[in-house]
Amino acid sequence: MMMQALCAEVDKLRRAPIWIAYVVLPFIAAAIGTFNYQQNLDLLMLGWENLWTQHTLFEFYFFLPALVGAGCSWLMGLEHAGSNWNQLLTSPVALWRIVVAKLVVGTGMLGVALAATGALFVVCGKMVGLVGFPSCDYVVYLLLSWVGGVAMVAVQLLVSLVVRSFAAPVGIALAGSVAGLLLSSKGWGLWWPWALMSLASNANGGGTLAPAELVRFVGVVALFSIAASTICALMMSHAAATSE
Amino acid sequence: MCALMLEFAKLRRRNVWLICFGTAALCLIWMASSAARTAQGSSDGTTSLLSMAPIVNSIVLTLFAAVISSQACETDHEAQALKELLCLQRPATLFAAKLVCSLTLITITVALETGGLAILAAYKGFTDQLSVVEFAAFAICQIGPTFTVAAVVQAVALRWENQFVSLALGLALSLAGLFSLFFPPVIQRLVPSGYFGLLSCVRMSWDAATHVTSSYTVPFTWGDAVLLVAICATVIAVSSVWFSRKEL
Numbered sequence: 000m001m002m003q004a005l006c007a008e009v010d011k012l013r014r015a016p017i018w019i020a021y022v023v024l025p026f027i028a029a030a031i032g033t034f035n036y037q038q039n040l041d042l043l044m045l046g047w048e049n050l051w052t053q054h055t056l057f058e059f060y061f062f063l064p065a066l067v068g069a070g071c072s073w074l075m076g077l078e079h080a081g082s083n084w085n086q087l088l089t090s091p092v093a094l095w096r097i098v099v100a101k102l103v104v105g106t107g108m109l110g111v112a113l114a115a116t117g118a119l120f121v122v123c124g125k126m127v128g129l130v131g132f133p134s135c136d137y138v139v140y141l142l143l144s145w146v147g148g149v150a151m152v153a154v155q156l157l158v159s160l161v162v163r164s165f166a167a168p169v170g171i172a173l174a175g176s177v178a179g180l181l182l183s184s185k186g187w188g189l190w191w192p193w194a195l196m197s198l199a200s201n202a203n204g205g206g207t208l209a210p211a212e213l214v215r216f217v218g219v220v221a222l223f224s225i226a227a228s229t230i231c232a233l234m235m236s237h238a239a240a241t242s243e
Numbered sequence: 000m001c002a003l004m005l006e007f008a009k010l011r012r013r014n015v016w017l018i019c020f021g022t023a024a025l026c027l028i029w030m031a032s033s034a035a036r037t038a039q040g041s042s043d044g045t046t047s048l049l050s051m052a053p054i055v056n057s058i059v060l061t062l063f064a065a066v067i068s069s070q071a072c073e074t075d076h077e078a079q080a081l082k083e084l085l086c087l088q089r090p091a092t093l094f095a096a097k098l099v100c101s102l103t104l105i106t107i108t109v110a111l112e113t114g115g116l117a118i119l120a121a122y123k124g125f126t127d128q129l130s131v132v133e134f135a136a137f138a139i140c141q142i143g144p145t146f147t148v149a150a151v152v153q154a155v156a157l158r159w160e161n162q163f164v165s166l167a168l169g170l171a172l173s174l175a176g177l178f179s180l181f182f183p184p185v186i187q188r189l190v191p192s193g194y195f196g197l198l199s200c201v202r203m204s205w206d207a208a209t210h211v212t213s214s215y216t217v218p219f220t221w222g223d224a225v226l227l228v229a230i231c232a233t234v235i236a237v238s239s240v241w242f243s244r245k246e247l
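Residue numbers (numbering that gives the first Met the number 0), protein chains in the order written: chain R, 0 to 243; chain Y, 0 to 247.
Hints in this document: simulated from the structure, not taken from any laboratory.
None of these values were measured; they are calculated from a predicted model.
Glycine is no exception: its CB is placed at the ideal position from the N, C-alpha and C atoms.
Treat each hint with caution, since some may be false.
Covered stretches of chain Y (in silico footprint by chain R; criterion: 3 or more residues with CB under 8 angstroms from a CB of chain R, positions within the stretch not fixed) [as the list claims (entries may be wrong)]: (1) 22-28; (2) 52-62; (3) 66-79; (4) 103-114.
Part of the chain Y face toward chain R, derived, beta carbon under 8 angstroms [to be verified]: (5) Pro-90; (6) Phe-163; (7) Ala-167; (8) Ser-173; (9) Phe-178; (10) Leu-180.
Throw the hints in and build the complete structure from the sequences for me.
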């Protein structure tokens, strides 16, 4: 049944070219980041590390959370349309399975953006003549960012379930990411779902999570994801009553 | 006026005022966190605040413009009301009403942000206090690029029912606008949200030797203001024609 719910969510995305945005946004960040890197070589040190910060700083702190917000709005917006909630809630699928299916699809879409970020990072690095290939650390950054992103996707799905507007959750995601930036600077980023992804990405070049923090990081991600998904499933049962 | 009131009526219960207040608050909190690092009674505190504003606004106000434009158009798409509406209203009237609605919300948000900045500067006791006219000029320079972004996003939001497209465009403009601030003016002029930096009368310079960032004022660039008005007028004209010829 879980697989069927997942397949249904994937089917809903068929012929909806929203994945383009998940590739184009990292592409814009990579193109401008590389140009900026080239222009400031007198200030920056030649190497993969500085190119990484130029590519990912703004993308991970502000724009990827907002894009995730738009993606989650899309996933929930499909159900908000017409009487889809009534149909969905009368289908023989447990609510938690629907939430998990949406969470998996949302996380998969984030994975597309992160994979594009990684691929463009290598391509742009070779184009500007960086020696060799980036270390495996960058794969770890991307994987940890993906793990951190799960919590953000879960919370954004909840926001998009509560707020029926398509656009408003995107604004909430941006507000959350800006608040995450401020909280991270105070050392509280680990307790804020919108900051978890950027915290793990080493986008500011300040280093990624220490091994001791890693367990806490995964625990907090699991906590936010389970809490948001549970509330989401509980609220879904009332969604039909509130749908227009 | 009636069409404008109708647009606001459609946005009832859509929390647009909350979005306006939230956006202004977000900008102010961000800048206040920066101002907290500036010494009380600093001689260039207000100038530093205003030099940071284009960076914050290119991210937040650009996305805000995309959100409100998208919301204004989403109401009609969601209710599949365009066909009926355009039997009662001229396309140009409906189009203009949505634009004026966005402009009103943008003006209020920027006014709140500017007022908040003035209060913040006074609270911190910065000695380089600006006059009301200078703050008003600052506000107008922030409204211009935000409104242009709103016009661009509205063109897309009316064209395609799927609001993901308009929001993705808003995000792309926001990202491009932010990055363009670190590029030469020629590149900034290509992006509507790049005009936050071009129209700002306060610029930042970073001394590589001393690692000190300082702010300085420059004369208002009338040429860029005229260029922005021309871009905005072109976008509105093209998208208005586009909308009036749209098959419903």
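Checked hints:
Only residues whose C-beta sits within less than 8 angstroms of a C-beta in chain R count toward coverage, and the stretch 22-28 of chain Y has 3 of them, enough to reach three; the restraint holds. Under a criterion of three residues with beta carbons nearer than 8 angstroms to beta carbons of chain R, the stated coverage of the stretch 52-62 of chain Y is upheld, 3 such residues being counted. Counting residues of the stretch 66-79 of chain Y whose CB falls under 8 angstroms from any CB of chain R gives 6; the rule of at least 3 is met. Under the rule that three or more residues need a Cβ within less than 8 angstroms of chain R, the assignment of the stretch 103-114 of chain Y is violated, with 0 such residues.
For the restraint placing Pro-90(Y) at the interface with chain R, the shortest Cβ-Cβ distance is roughly 22 angstroms, beyond the 8 angstroms limit, so the hint is violated. Interface restraint check: Phe-163(Y) against chain R, minimum CB-CB distance 5 angstroms, threshold 8 angstroms, status holds. A distance limit of 8 angstroms between C-beta atoms decides the matter here; for Ala-167(Y) the minimum to chain R is near 4 angstroms, and the interface restraint holds. Proximity of Ser-173(Y) to chain R holds as hinted, the smallest CB-CB distance being about 7 angstroms (cut-off 8 angstroms).
Given the 8 angstroms rule on beta carbons, the hint for Phe-178(Y) holds: about 4 angstroms separates it from the nearest Cβ of chain R. The restraint placing Leu-180(Y) at the interface with chain R is violated, with a minimum CB-CB distance near 11 angstroms, outside the 8 angstroms limit.
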